[in-house]
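Peer 1: Residues per chain are reported as follows:
Protein chains: 2
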Amino acid sequence: MTEHRVDFEPIGRRGQCRADQSLRDCAQQMGIELVSLCGGKGTCGRCKVRVLEGEMSQRTLAEIEALSTSQIESGYRLACQTYPPGDCKVYVPPESLTAPQRTQVEGLQVDIRPDPVVIPYRVEMTPPSLQDNEADTERLLRVLREQHGIEHPSIDFRVLQELPETLRSFKWQLQASVRDGEIVALRSWPSRQIGLAVDLGTTKIAGYLLNLSTGQVMASKGIMNPQIAYGEDVITRVAHAMESQQGTEQLHKSASTALNQLAIELCTTIGAKPEEIVEVVIVGNTAMHHLFLGLPVKQLALSPYVPAVRGAQDIKARGIGINIAQGAYVHVLPNIAGFVGADHVAVLLATNMRQKKGVVLALDIGTNTEVCLSCDGVMSSVSCASGPAFEGAHIKHGMRASEGAIEHLRIVDDRIEYQTIGGARPMGLCGSAIIDAIAQLYLAGVLDERGRMDLNHRRVRSTDGTSEFVLVDEEGSGGATITITQIDIRQIQLAKGAIRTGIQILLEANGRSEEEIQEVMIAGAFGTYIDVASAVTLGMLPAIPLNRFRQIGNAAGTGARMALSSRAARKEAQEIADCVKYIELAATPQFTRTFAQANYLGKYRIVHGEREVISSNGNQAIE
Amino acid sequence: MTEHRVDFEPIGRRGQCRADQSLRDCAQQMGIELVSLCGGKGTCGRCKVRVLEGEMSQRTLAEIEALSTSQIESGYRLACQTYPPGDCKVYVPPESLTAPQRTQVEGLQVDIRPDPVVIPYRVEMTPPSLQDNEADTERLLRVLREQHGIEHPSIDFRVLQELPETLRSFKWQLQASVRDGEIVALRSWPSRQIGLAVDLGTTKIAGYLLNLSTGQVMASKGIMNPQIAYGEDVITRVAHAMESQQGTEQLHKSASTALNQLAIELCTTIGAKPEEIVEVVIVGNTAMHHLFLGLPVKQLALSPYVPAVRGAQDIKARGIGINIAQGAYVHVLPNIAGFVGADHVAVLLATNMRQKKGVVLALDIGTNTEVCLSCDGVMSSVSCASGPAFEGAHIKHGMRASEGAIEHLRIVDDRIEYQTIGGARPMGLCGSAIIDAIAQLYLAGVLDERGRMDLNHRRVRSTDGTSEFVLVDEEGSGGATITITQIDIRQIQLAKGAIRTGIQILLEANGRSEEEIQEVMIAGAFGTYIDVASAVTLGMLPAIPLNRFRQIGNAAGTGARMALSSRAARKEAQEIADCVKYIELAATPQFTRTFAQANYLGKYRIVHGEREVISSNGNQAIE
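Protein chains in written order, with the working numbering: chain A, 125 to 747; chain P, 125 to 747.
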C-alpha cells in the first residue's frame with residue numbers, strides 16, 4: 125500500500141502513514157495521544173484537528189453531528205473519521221491532546237520581532253603595553269564606544285572583578301553582553317544569548333529557555349512549586365511569611381532554589397550552563413511576586429491590601445539568589461493590584477487585549493482566577509477566589525492530571541463513558557472530568573439547578589452521611605470505586621460561582637451583557653483542557669456560541685516569553701498595568717447577591733456549538 | 125595677677141592665662157604639647173605659632189635669629205618667647221605640635237560649599253485606603269515627584285524590601301535620603317545625614333565622619349590597616365593576593381572588616397549608628413584600591429602594570445561588605461595609573477593643584493611617595509618606591525611615633541638635644557628624628573656627602589661589624605642606648621634618593637629647574653612632621669627658601685572629605701585623573717644616572733629660611 129507523509133503541528137512530529145489509517149491512527153502511531161471517549165466511533169467529538177494542507181476523505185455524518193458550523197467552516201475534522209489520501213499537514217489544538225502530551229505545548233503561538241534588552245557585541249582590543257597602559261575597564265568601554273557607538277557604557281561590578289583575567293584568557297577578543305549600556309556578561313565570540321522566562325504559579329513553575337537573538341524556544345519545562353511545603357494556597361503561605369522575618373526568607377529561598385534548579389535542568393537539555401543565561405523574566409500573582417522577591421506581605425494580606433510595589437522591577441539576579449550570568453538581571457513584570465499580579469499582565473500581553481476591538485473576556489483559571497473584560501481596549505479586571513477544587517484538591521476522588529486520572533467523561537444513553545490518562549485503569553478524577561461529571565449529571569437530571577442530588581437515583585448512595593454518585597465501580601474486578609459527592613459538588617459550585625460572579629460584575633460595571641461578548645480567551649493549565657460546553661452547562665462560563673471561545677494554554681508563560689524577547693513588549697506590559705482598572709469584588713455593593721445567584725448551575729447547554737435552553741431536566745436512566 | 129583669654133586654633137582650645145606665662149606655658153597648661161628641643165630657650169625655633177588676634181610682647185633676639193623674614197612678616201612667633209598682655213587668638217601649625225597631638229589635626233582647612241550627592245527630603249504621605257490602594261513604592265515615589273520635583277525617582281531594592289514596615293512604623297511621615305534620584309535610606313524626619321570619608325593607607329586607615337548638610341567634621345580617627353598581617357608593604361600584599369583567589373578575598377575582607385570597625389568606633393563617639401551613614405568616599409593608592417574592592421592585582425604587578433579600572437566607581441556598600449545604610453554607595457575616587465592612585469588624586473584635589481599658577485610641587489610621602497609637578501596647571505606625576513624606612517621600619521632603633529620616641533633632634537655645640545614624645549625617657553627614633561640625625565651628623569662633618577661615617581669620631585663604634593653613631597647612651601642610668609648605623613643611613617639615602625629622583629625627572633620632563641619651584645606642598649603623616657630644613661640638608665627636598673614649603677597633613681583625607689561633601693569636587697577629581705600625565709620612572713632613560721646622583725646628601729643648608737651652600741664640613745666636636 126502506498127504511504128504518504130503526515131505532519132502534525134504545532135508539535136512538529138512527522139511520519140509515514142498508510143491510506144487505510146485514519147488521522148487518529150497516524151497520530152497514535154507517532155506517539156501522539158488524542159482525546160477519545162468513544163474509542164473512534166465519531167460520537168464524542170473530542171479528537172478535533174484542523175487541516176492545514178492536503179486532501180482528506182469526505183466528512184462523515186458523525187462529524188457533521190459533532191462539530192459546529194463554524195468549526196466545519198474553519199476546516200475542523202474529527203481525526204477518527206478522516207483518512208488522508210496523500211501528504212498533508214494537520215493542526216492539533218491543545219484541547220484535543222491528552223494531559224501527558226500537553227506539557228509539550230507552548231501555549232499561544234506568538235509572532236514577535238526579537239528586540240531583546242541584552243545585546244551581544246563582538247569586541248577586539250589591542251593588548252596593553254608600557255606605551256599604552258590604559259586600564260582594562262577603560263580599554264573595553266572605549267572599544268564599545270568606538271566599535272559599536274554605545275554612548276555611555278558601564279560594567280557590572282562582579283564582571284569587573286573578573287575582567288583582568290577574562291580579557292587575558294580570551295586574548296582580548298570576546299563577546300560583551302550589554303544591557304542598557306551595562307556589560308552584564310563576557311564570553312567568547314560568538315556565544316549564544318540565552319534568556320529564561322518563568323511563570324511562577326502557586327502550584328507549578330513553568331520555565332522556557334529562549335535564544336534571545338531569534339526569540340526561539342530552546343527548551344521548556346514545568347516543575348512543582350516547592351513553596352507548597354509552606355501551604356497549598358497563597359493565603360497559607362502569606363500567613364507563614366507574616367509570622368516572622370524567617371518565614372519570608374524561607375519562602376523566598378524556596379522559590380529561588382527551585383528557579384535555580386529549573387535553570388540547571390533546562391540548560392542541561394540543550395548542553396548549556398546557567399551562567400550563559402543573560403536575562404530572566406518572571407511573572408506571577410502579586411503574592412507569589414512578593415514572596416519570590418522577599419518582600420513583606422503583611423500589608424498585602426490585610427485591608428486595604430496594598431502591594432509593596434506595583435511597577436516592573438529590574439533586579440540583579442545575584443541580589444535575590446539567582447545564579448546565572450555574573451551581572452545579569454531579573455526583570456519582573458508589573459503588578460496591577462494586590463490580587464491582580466504580573467501573571468495577569470502577561471496574559472493580557474499575550475492575548476493582545478489592549479488592541480482588541482469589541483467586547484472580549486480573558487480568564488486565567490487557577491487557585492486564584494483573574495478575569496479581564498476589555499471593551500474596545502478599555503480594560504477592567506477582577507480577582508476571584510476560585511480555590512484549589514479545580515485542581516482536584518478537597519474533592520473526594522480528585523487527583524492531579526497523571527496516569528490513571530479520568531480526564532474526560534460523558535453520559536451516553538445509559539452508560540458512563542470516560543477516558544483515563546495513559547489508558548490506565550481509572551484511579552480518580554482530574555479537574556476537567558469533575559466539570560464534565562457535574563454537567564452531565566445536571567443534564568441527566570440527577571442534579572437540580574441548585575446542585576442538589578436526586579437521592580432516589582439508583583447510583584446515588586450515602587457514605588459516612590454524605591450522598592454520592594457512583595461514577596465507576598470496578599471494585600469487583602480489583603479496581604477502584606470512583607464517586608462524586610454532594611460536598612464535591614458544593615466545592616465546585618463555590619469555585620465556579622466565584623468566577624461567574626467576577627464575569628457578571630465586570631459586565632455590569634461596563635454596562636454590557638453576556639451576549640455581547642465576542643471572544644473569550646481561557647488561559648491556564650486547567651482552563652485550557654476543560655470541556656467548554658460542560659463549563660457553560662455548569663454556568664461557569666457565559667452561554668455564548670462555542671466558536672467564540674479560545675483555550676490558549678499557559679498565556680502567562682507566553683507573556684513572560686514576549687517580555688523576555690522584546691523591549692516593546694515590556695513597554696506594552698507597563699502600559700497595560702497602568703491602564704487596567706482594578707475592581708475589588710468584595711467592595712462592590714452587588715457582590716453578595718451576585719455570588720448567591722452565581723452558585724446555581726446554568727440555564728443553557730451547547731448543542732452544535734450554539735447555546736440552547738436546558739428545558740427538560742427529567743431523570744434519564746443511567747446504568 | 126590679671127588673667128586673659130588665649131584661644132588656640134585650629135584645635136579650638138581656650139583658657140585663662142596669666143601675664144607672666146608665655147604662649148608655650150599657656151599651651152602646656154591647656155594640655156597642648158608644643159615641639160621644643162631647647163626647653164624654652166628660644167634656640168631651636170620649633171615652637172612656631174602665628175598670631176591671629178591680640179597684642180603680644182616684643183620680639184626677642186632669639187626669635188629674629190630663628191625665624192625667616194617671611195615668617196616674621198606673616199606674624200610667626202616662637203611660643204616660648206612670646207607673652208600676651210591681653211586676650212588673643214593664636215594659630216598652631218601642625219608641625220609645631222608633638223606627635224600625640226597631631227592626630228587631632230585634620231590636615232588642610234578647606235572651605236568647600238556643601239553640595240552632597242545624597243540629599244534628605246521630607247515626605248508626608250496619605251495612608252492607603254480601600255478607595256486609594258496605590259502600592260507603597262509608587263505612593264512614596266509619587267510624593268517625591270509631587271512634593272520635591274524629583275523627575276524619575278527610584279528605590280534601592282533592599283530599602284524596598286523593608287518599605288512596607290518602614291512606612292507604617294513611621295506613620296507615613298519620614299525622611300528619604302536620595303542619591304541621583306534613588307532612595308538609599310529612609311529614616312524619621314529630621315535625621316542627620318552622615319557621610320564617611322576614608323583614606324585607606326598602606327599602614328594606616330584614617331576615617332572622618334561628616335555632617336553632609338554642613339560639610340562639618342563630626343569625628344575623626346586613625347587605625348592601623350590590618351592588611352599588615354599579609355605584608356608590611358604593598359608588594360608583599362599583592363604577592364599574597366596573586367597566590368590564589370582566596371588571597372584576594374582575604375585582603376578584601378581584612379580591609380572591609382577594618383572599615384566597618386572604624387565606622388562603628390567613629391559613630392559611637394557621636395552617639396550614632398553605622399546605619400546612619402548614607403555615603404562613603406574612599407581613597408587609596410591603586411593597589412590598596414584594588415585589594416579593597418577585591419579586584420585582581422596580577423596585571424597591576426606585572427609589566428605593563430595595568431589597573432583593572434581607572435575611573436571613579438560607585439558601588440553598593442553591601443556589595444563589598446560595608447555595613448552602612450541599606451542602599452548606600454561607596455564612591456571610590458579615580459586612579460591615575462598603576463602606581464598613582466586615588467589617594468594622589470585626592471591630594472591634588474585638596475591642594476587645588478590644577479588651578480595653581482606657576483611651578484608647584486606636591487608630595488605625599490609614604491611607603492610609596494607620589495610626586496606631582498604642576499606648571500600653570502599642567503600636571504605630571506611620578507611614583508617613587510621610597511619604602512618603609514621613614515616610618516622607622518628596618519632602622520636599628522627606629523620606632524613608630526609613640527611615647528618615648530625621639531621625634532626631633534639637633535646637635536648644638538657639642539651636645540645632642542632631643543625631644544621625646546610624652547616627655548618619656550628615649551626608647552628609639554621616629555622618622556622625623558632619623559632625618560634630623562642624618563642632617564645634623566652631615567652638617568657636623570661626621571658623614572660625608574656620600575653618607576659615609578667618620579670611623580674615627582669618638583661616638584662612632586662598631587657593633588656586629590657595622591659602624592654606628594651613638595646618639596643616646598643612658599644604659600648606665602637604666603635607660604636605652606640609641607644609635608644610628610651606617611646601614612640605617614644607606615636605607616634613608618635610598619628612600620630619599622627615590623623621592624629626589626622623582627622630583628628631578630619631573631623637573632627635567634617639564635624643562636624646569638629647582639629654583640623655579642614656587643611652592644612645595646608636603647602631605648602625609650611623615651611629611652608633615654619632618655623638619656623641612658633637615659630634609660633639604662639631606663638633599664631630599666629641593667633647596668629653595670623655607671617659606672615656599674607647606675606641610676599640609678593628611679591631604680588625601682582632606683580630598684576624600686571634599687569628594688564626600690561636594691559633587692563638584694568629584695567632578696574635579698575625575699578631571700584631575702584624566703589630565704595628569706603619568707611618567708613611569710623606570711622607563712625614563714635618565715633614571716639610573718639620576719638615581720645614583722640622588723643618593724648623595726645635599727649641597728645646601730637652610731639658614732634663616734634661605735638656602736646656603738654647605739661649605740665647611742670639618743668635624744665638630746660632639747660630646
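Don't read these hints as lab results, they were simulated from the structure.
Check before you lean on any hint, since a few could be wrong.
Identical chains share a label here; the pair holds if one copy fits it or two copies do between them.
[Said to hold, decoys possible] Below, in silico cross-link-like pairs of lysine-lysine (DSS-like), each with a Cα-Cα straight-line distance of 25 Å or less:
1. Lys422 <-> Lys295
2. Lys695 <-> Lys480
3. Lys172 <-> Lys328
4. Lys481 <-> Lys172
5. Lys377 <-> Lys213
6. Lys440 <-> Lys377
7. Lys480 <-> Lys397
Every value quoted in this text rests on a predicted model; they were computed, and no experiment measured them.
Peer 1: 25 Å Cα cut-off: does Lys695 pair with Lys480 within a copy, between copies, both or neither?
Peer 2: within (18 Å within a copy, 51 Å between copies)
Peer 1: Evaluate Lys422 and Lys295 at a C-alpha cut-off of 25 Å and name the case that applies: within, between, both or neither.
Peer 2: between (52 Å within a copy, 16 Å between copies)
Peer 1: Given a CA cutoff of 25 Å, do Lys377 and Lys213 count as a within-copy pair, a between-copy pair, both, or neither?
Peer 2: Intra 46 Å, inter 64 Å, cutoff 25 Å: neither.
Peer 1: Could you place Lys440 and Lys377 in one of the four classes (within, between, both, neither) given a Cα distance threshold of 25 Å?
Peer 2: For Lys440 and Lys377, both the intra-copy (16 Å) and inter-copy (22 Å) Cα distances are at most 25 Å.
Peer 1: What label fits Lys480 with Lys397 when the C-alpha limit is 25 Å: within, between, both, or neither?
Peer 2: Neither. Shortest intra-copy (40 Å) and inter-copy (56 Å) distances fail the 25 Å Cα cut-off.
Peer 1: Is it within, between, both or neither when you check Lys481 against Lys172 at 25 Å Cα-Cα?
Peer 2: neither (28 Å within a copy, 89 Å between copies)
Peer 1: One pair to classify: Lys172 and Lys328, alpha carbons no more than 25 Å apart. Within, between, both, or neither?
Peer 2: Neither, since 28 Å and 80 Å both go past 25 Å.
Checked against the numbered hints above, the structure breaks hints 3, 4, 5, 7 and satisfies the rest.
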